[in-house]
Amino acid sequence: MRQSHLFTKTRKEAPADEMSKNAELLIKAGFIHKEMAGVYSFLPLGLRVLQKIEAIIRDEMNKIGGIEMRTSAIQTKEVWEKTDRWSDDVVDNWFKTTLKSGGEIGLSFTNEEAYSTILKQYIHSYKDLPIYPYDFKTIFRNETRAKSGMLRGREFYWKALYSFSKDIAEHDVFYEKAKQAYKAIFQKVGIGHITYVTFASGGTFSQFSHEFQTITAAGEDTIYIDESKGIAVNKEVYTDEVLAELGLVKEHLIEQRAVETGNIFSLGTKFSEPFDLAYADETGVRHLVIMGSYGIGLGRLMGTVAETLSDDKGIVWPESIAPFRTHLLVLGDSAAVKSEADRVYAELTEKGVEVLFDDRVGMSAGEKFADADLIGIPYRLVVSERSIEAGGIELKKRIEEKGMVVPLSELVDMLTARN
RNA sequence: CGGGGUGUGGUGUAACGGCUAACAUUCCUGUUUUGGGAACAGGCGACUCAGGGUUCGAAUCCCUGCACCCCGACCA
535 MRQSHLFTKT RKEAPADEMS KNAELLIKAG FIHKEMAGVY SFLPLGLRVL
585 QKIEAIIRDE MNKIGGIEMR TSAIQTKEVW EKTDRWSDDV VDNWFKTTLK
635 SGGEIGLSFT NEEAYSTILK QYIHSYKDLP IYPYDFKTIF RNETRAKSGM
685 LRGREFYWKA LYSFSKDIAE HDVFYEKAKQ AYKAIFQKVG IGHITYVTFA
735 SGGTFSQFSH EFQTITAAGE DTIYIDESKG IAVNKEVYTD EVLAELGLVK
785 EHLIEQRAVE TGNIFSLGTK FSEPFDLAYA DETGVRHLVI MGSYGIGLGR
835 LMGTVAETLS DDKGIVWPES IAPFRTHLLV LGDSAAVKSE ADRVYAELTE
885 KGVEVLFDDR VGMSAGEKFA DADLIGIPYR LVVSERSIEA GGIELKKRIE
935 EKGMVVPLSE LVDMLTARN
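Numbering-wise (my numbering), the first sequence opens with residue 535 and increments by one.
By construction, these hints were calculated from the structure, which means they are not laboratory data. Incorrect hints may have been included.
Unchecked claim - Each computed BS3-like pair below joins lysine-lysine, with the alpha-carbon atoms no more than 30 Å apart:
{"#": "1", "residue 1": "K586", "residue 2": "K568"}
{"#": "2", "residue 1": "K847", "residue 2": "K902"}
{"#": "3", "residue 1": "K586", "residue 2": "K722"}
Treat the numbers as computed from the prediction; the structure is a model and nothing was measured.
All chains, please: the whole structure from these sequences, using the hints.
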C-alpha cells in the first residue's frame, strides 16, 4: 500500500483524554479512532492488525475442530429470560432498545444463550456430538466504567467458542486441547512470554476456570505467578487451600498486575439445563449436554500487544500481527531515487511481501523515520541516494539499532524465506 | 454506582473578572532544503462542552446537565 493513499496521519501529541499507553500509541500512530469512552473505530492500519489476529485465532480454532459461524448481535428478550439474564437487576450492563412494533430487544453481551437456542435445533442424538462452533463478533456491554483504552470497552470484537460434549470425560479432553490452542495463540501473537495460564474462580460445575493473564501494570487483575511451573493464581481464589491443592508454595509466588486476555470455562449443564439441551444415547436415554466456553477479546489483545511491546519511540509489532511486514521509505525527491523505490516496491509486492510504501514527497528523512518507528512495522527498508551508492536497499529491524545494505535480489530472498 | 479531576481552533497548551481569546503543531501558498520530527515568509482555522445565573463586563465566579480521565466497586 502506498502511504500517500493512506488517509491516516501520525500525531506528535497524544490526545489529552487518553492516559493509557495502548490508546495513546494506537491513536498517535493512526490505528484507531476514539468514538467515545470504550468505543473505538479501527482505521486501515488497525484493521489489518485485527484481521491478522483473527486469522491466527481462526487457524487455531479450526485445528481443534472448531466450526465458524456468526450469531446475531440483536437478540430477543425471551431467550434471555430462560436463564434469568434479561432483568437489569441481574445483568446491569445491557444495551436494550425496543422495536417499532413494540417488542424489546438487547444487544448481545455474551453468546451462551444464542448458541444454546440455535444448537437445540440440531442436537438430538449422541451422533450429533461433540461439536465446537465459534464466532467472531462485536459484543456490547454498558460498562459503568470503560477504561484503559482498548483494554476494557463498551463495544468490542471477540471470538467465542462453545463446546458441546456428551459427558464430562469428553469435555475434559477438549478443554485441555483448547487450553493448548490458547497457549499457541498467545505465543503466535507475541505475548506468550508474559502470558500465564491462571487459575480463577469456576462455577457450579468446576472448581476453577482458566484465564490467560498477560502481565502489564495497565491490567486490572492481580495474579500470583509460579515462574518455574509457568502458572498463576488469580487473587480471587488465592487461599492457602487452593495453593495446597495446586501444589504451589506461597513463598515462590510473585504478585503481578495483569490483564485477562483470554478465558476458558467449564459450564457443565448451566445452560443446557434451562434450554433443555439434551441428546439420546445409544440406549435412548436422554442426557444433558456438557458445555464449555472459550473467549478471547481481539481488540483487548491488540491493545495489550501495543501496551507491552512498545518502546519510547512507538509500537513494536511482532511480525505475526504487524499491519505490514515491511515499511519502505524513499528519502529525497530525485527522479532516480524515486524510480528505484518504485522498482523495489513493485518487486516486493510482486513476490508477495507486504509493503507499506512511504512515497510521500517533500518530507524530511527524520519525519519519515519517526513515523516508521511510531507505526512499528518489523522491517524498515530505505531507498535513498546513499543506499543506491552502497549498492542496494538499507534493511533495519524495528527492534535493532543498526541496519545493513543488501541488494534487491537478496532482500527478496530474505523476506520470502520460510522461517 | 461511590470518590477525585478536567472540558478553550483538527491536536497539545496559555490567557488577573476588563483591548480583536494567545502560542505551538497540523493544514494551505511560495522559496530554499532532504539520513532522525528542516528554515523563512504569508495565510486558513475557536460564538472557550451545553443551558441557566451573578456582573457595567465572564473562557475565568455560581448552579444544573453532559462528556472525558483517574482511584475504588462491578466484570456472566
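key: Hint numbers not upheld by this structure, sorted from lowest to highest   = none
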